[in-house]
Amino acid sequence: MTDTEASRDGRTVVLLLGAGERTRELAAAFARLGADVVTADPPVDGDALTTLVDDEKPGYVVSDAEAVATDTLVAIAERGDVEVFPTPRSARLALDAEGLRRLAADELGLPTAPFWFAGSAAELAAVAQHAGFPLVVKPVAAAPGEGESVLLRPEDVDPAWERAVAGGKLSLARVIAESVVDVDVEVTLLTVRTTGPSGPAVSFCEPIGHHQDTGGSLESWQPQHLSPTALDSAKSIAARIVNSLGGRGVFAVELLVRGDEVYFSDVRPRLQDSGLVTLRSQRLSQFELHARAVLGLPVDTIMVSPGAAEVTYATEDDGPPLLADALAVAESDVRLSQAEPALRVSLATAPDPIVARDRARRVASALRRKG
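Number 338 in full-length UniProt numbering belongs to position 338 of the sequence shown; there are no gaps in the numbering.
Just so you know, these hints were derived from the structure itself, not from any lab. None of the values given here were measured: they were computed from a predicted structure. A portion of the hints provided could be inaccurate.
Said to hold, decoys possible - Pair ranges (Cβ atoms, derived):
#1 D260 x R32: 35 to 43 Å
#2 G99 x D47: 21 to 29 Å
#3 D300 x D352: 16 to 24 Å
#4 A48 x D325: 42 to 50 Å
#5 G109 x V150: 23 to 31 Å
#6 R258 x G132: 15 to 23 Å
#7 D81 x D325: 47 to 55 Å
We put the beta carbon where it would ideally sit given N, CA and C, even for glycine.
Please put together the full structure from these sequences, using the hints given.
In C-alpha cells:
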C-alpha cells in the first residue's frame, strides 16, 4: 500500500493505538499529512482488537503502546489489506529483552555489555557469584527503567529479583543481569527506516545524550558529540539492528559510549521521551519523521539548532506551573498535559547544547515552583 491509496472516502485511515501526550503528538503529525486518524487505547483482548480493525477499516495500524496483542497483530498483518507498524516481530522483541539481546549479540554480533539470564532468585545469586558486582538487573519484558535495580552485594539479590518480577510488563519470572560498563554517556540514536523504489534505507538523527536522575526526571540534549570512530560504530550498530527488525518508522536505538567504543543496549520500535528534544532541535520532530516514514513519504533528519529537554511528572508537592517565568527563558517552550500524572516537558534551544541544557533546567525549575 502507498500513501496514494485510500481506505475511507478517498482518505488514508490510520488506527493509532496508544494514549498520552506522545500519542497525541503523533496523531497530530499524521493528521497534518492528511490522514484520517482514529486513536484508541490498545485493547488487551485480541478479539476486541480484531473487531476494532474491522470496524474502522484502516490502511495502517500504528502502535504507540508497549503491550499490544501481538499474535492478533500478526494475524491482521497477514491479511494483506492492512500495514502494521511496528512489525509484530519488532513489537514482540521490544518486550523480550532475552530474545532481543540474543538477536543483537548472537545473530548480529553487535557489541554489548556482558549479560546473563536468570529464572529464579537462586539462579540470579549464582550469576552474581560468577559475574561479580555491580550488576544491573531488570525484567526481560518491561518499559525502560521499570523494575530495574543495581546489585552491589549478595544481600541485594532477593530484593532485586522481587522488584524485577513485579515490574515486568508480562508475568514472566525471568530477568536479565548485565555487568555495569563504565561509560562516558548514554545515547539515543533515532534511526528512521524507510522504503522506496530502490529498497529499504535508513537515516539518522544527530545523537541524543540523556540522563535520568533518581527522582525520575529525564534530561536529554542534541547533539551529543561523539568521536568520528564512535559515530560510525553507532550508525553501523543502529542500521544492523533496525534492518533486522524491518518495517518503517522511527526506531530509538539505545547505546552506551566510552571513548571510541560503542555498546548496543536496547532498541524500541516507537518514539521515546528522550526524543522529545526534537520538537525544537530538528526541522522534523520524531513524530513527524515517524508519520512520514509509515506513510511512505520522504523524510529528512536535519537538525536546525542544538537543543535540550527535561521531562518530569508533576507531584502533589508541585503547585501550578509558573508558565510566564518558564517562557521568559530565552528560546524556551513547554508541553503540559492535563493527564494524571501530569507530564511536563521543558524545551530550549541555544547556540550549543551546554547552554540549551542550562536553559531547559531553568524552564523546568519554573514549572516546578509553586505559584
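The hints, checked one at a time:
1. In this structure, D260 and R32 meet the distance hint of 35 to 43 Å, their C-beta atoms being roughly 40 Å apart.
2. G99 and D47 have their C-beta atoms about 26 Å apart, which keeps the hinted 21 to 29 Å range intact.
3. At about 23 Å, the CB distance of D300 to D352 agrees with the hint of 16 to 24 Å.
4. At about 45 Å, the beta-carbon gap between A48 and D325 stays in the expected band of 42 to 50 Å.
5. Separated by about 27 Å at the C-beta atoms, G109 and V150 satisfy the suggested range of 23 to 31 Å.
6. Checking the proposed 15 to 23 Å range against R258 and G132 shows it holds: the Cβ atoms sit about 19 Å from each other.
7. Take D81 and D325: their Cβ atoms lie about 52 Å apart, and the range 47 to 55 Å holds.
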